[in-house]
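Could you slot chain R onto chain S? The hints should help.
Number of protein chains: 2
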Amino acid sequence: MNTGIINLAHGSGGREMLELIHSFDFTHRGQWENCDDDSASLDIENNNKLVFTTDSFVVDPIFFPGGNIGHLAVCGTINDLAVMGARPLGLSLGLVIEEGFSKQDLAVIIRSVIRISEETGIPVVTGDTKVMENGKIDKIIINTSGVGIAKSEELLTRDIVTGDKIILSGGIGEHAVALLSKKFDYETDIITDCKPLIHEISAVKDLIKLAKDPTRGGIAAVLNELCEKHCISFLLDEEAIPVKHQVRKITRMLGIEVYELACEGRFVCIASQEEAGLVESRLQEFNTDAAIIGEVVHDEGNRVILQTLLGKRILPVPSGRIVPRIC
Amino acid sequence: MNTGIINLAHGSGGREMLELIHSFDFTHRGQWENCDDDSASLDIENNNKLVFTTDSFVVDPIFFPGGNIGHLAVCGTINDLAVMGARPLGLSLGLVIEEGFSKQDLAVIIRSVIRISEETGIPVVTGDTKVMENGKIDKIIINTSGVGIAKSEELLTRDIVTGDKIILSGGIGEHAVALLSKKFDYETDIITDCKPLIHEISAVKDLIKLAKDPTRGGIAAVLNELCEKHCISFLLDEEAIPVKHQVRKITRMLGIEVYELACEGRFVCIASQEEAGLVESRLQEFNTDAAIIGEVVHDEGNRVILQTLLGKRILPVPSGRIVPRIC
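So the protein sequences, as listed, match chains S and R. Quick note: the first sequence uses the working numbering, first residue 1, plus one each step. Quick note: the second sequence uses the working numbering, first residue 1, plus one each step.
Don't take each hint at face value.
[Unchecked claim] Covered stretches of chain S (chain R as the covering partner; in silico rule of three or more C-beta atoms under 8 angstroms from a C-beta of chain R):
1) 31-45
2) 97-109
3) 115-122
4) 125-132
5) 222-232
6) 244-251
In short, the hints are calculated from the structure, not lab data. Note that the Cβ used here is the ideal one computed from N, Cα and C, for glycine as well.
Chain S extracted, bound-state conformation (with noise of 0.2 angstroms):
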């Protein structure tokens, strides 16, 4: 493989992505703090912390099960914002569109957009549109940014301890079935798991120690940047991770990890052993699949452990392509 040229792995959420973003030399920071996390936060007035983050999509295709890339665009973007336990504020939409996209499409994409924006409370407020040449860009892409809010107390990123459990909120692994069936060409009633988690957040964020929302790179990635960030191990019970029967069924058929797959509709948290019941109960509400599926345990290593039928296995770091664009 040719080292001096970027590949999809730099984009797959993975451990190539995460050496090439530690090899730009971002050190001014500023006043900011938690860059490296969904949002960045700055304090400004009245104990009151400005959040900010952005995500460009690229999914392919662009519709999709249960979803379009506007929806995905907006949610993913309103949720990095509320894992941090922000209150969302406004959106940006940077689109980039191919000559000859079609104005129908684009209209779908756009109504997607403004119904979530309006769902949620949380307005549209600037943008950009440009027009690449035919050829020259495949569809359409999307950024979109946020700014939120929180209270300094509110922000979640508080200390984790060992016993501290490991919530999810629901099964993982259906927005890249949902997306792969186009791809690959199979039938499956599985839809994307793509929605605002704004109030799933809200109910516990009171309980909660901090949030993440599995993405690129799945659980398996998040949960190792959270033990390496907070030098910590997790032990999980595979048993206990909620994965829908169907999407255990085509990952195993398409020999892919599910635990790598990007959710976005889903996310994790700690809590302390003494809330993760009321966590978990609170948060089965919305999703009765929600489960406690492992806890912060003592061991050197910083890693992700998987307790399975079998034994314990690590669960790594993905590394590699994962899988095509699906977000």
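Leaving out everything else, chain R in the frame of chain S:
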């Protein structure tokens, strides 16, 4: 022409783009204001306005005399905040890269981003990196969004009256002429005008009523936009508009209207008759080409009138594909 599809004119910053954007039904803006401006603004606590903007850069070629796409992306977003009168607080950086792109070229682009960020003291605080398969995107595109803050009275959204003067901060057409030299293979020592405008705007902020950076569609687009928005007309003195001799020559040779070309380090601003001379002289300390180029006149057409040596002509809103991707 097939009216059901997107064409290059929809991304050129002219009439077609405005029509497309107005066809999107973004009526839900919450408490945000100035959503059709360079940056949107929102009242937050203590008489502060949060200011938010986004821009995607699809320039081709990505390296050009005096700059590159990274340099352009950072300056563009800083300037969109600055012309609103805001103090930029932080930037996001969304990269979408073609598989096979040179890591060395990427490093050069990122270094430009970091250099401008450090020189201006405006940090890049959040980002996203995606990779698309070879042939699915033309090399690299960058989205930069930005957040800033301003006291209410600092926001450059003041009322304009007949007799006010228009001041241009420097020569126009330079970015386009530098960039097109690589495309049309002509020799020129003109380099891009791309640069952050924060110091120039700070120098005149207390004297001016509003400012706009003439990017896509050039001064023809921004001045017409102001006419429509404020129900005014402008009378410009063509002889006073600063255009370098070489720029004038090359644009005539290429048959393109210099007033429609994107600048990336210039702004037009409006000041009262009394203050205009002082604004001009302060701006001339940064760029000797800065000049008063016209005034607000009583005319019911809400249009831009150009006083030429041969008489008056209307400078229309740009329409059609102006020039290839220059920003």
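- For the stretch 31-45 of chain S, do at least 3 residues have a Cβ located nearer than 8 angstroms to some Cβ of chain R? Our answer is that it holds, as 7 residues pass the Cβ test (under 8 angstroms) against chain R, meeting three.
- Annotated coverage of the stretch 222-232 of chain S by chain R, confirmed only when three residues or more have a Cβ within 8 angstroms: This one is violated; 0 residues, fewer than the three required, reach chain R with a Cβ under 8 angstroms.
- Item | Within 8 angstroms of chain R's CB atoms, at least three CB atoms from the stretch 97-109 of chain S: coverage verdict | holds (count 10)
- Are at least 3 residues of the stretch 244-251 of chain S within less than 8 angstroms of chain R when you compare beta carbons? violated (count 0)
- Message: Between the stretch 125-132 of chain S and chain R, are there enough contacts, at least three residues with CB-CB distance under 8 angstroms, for the coverage claim to hold?
- Response: holds (count 8)
- Mind checking, does the stretch 115-122 of chain S have 3 or more residues with a CB under 8 angstroms from chain R? It holds, with 4 qualifying residues against the three required.
Checked against the numbered hints listed earlier, the structure breaks hints 5, 6; every other hint is satisfied.
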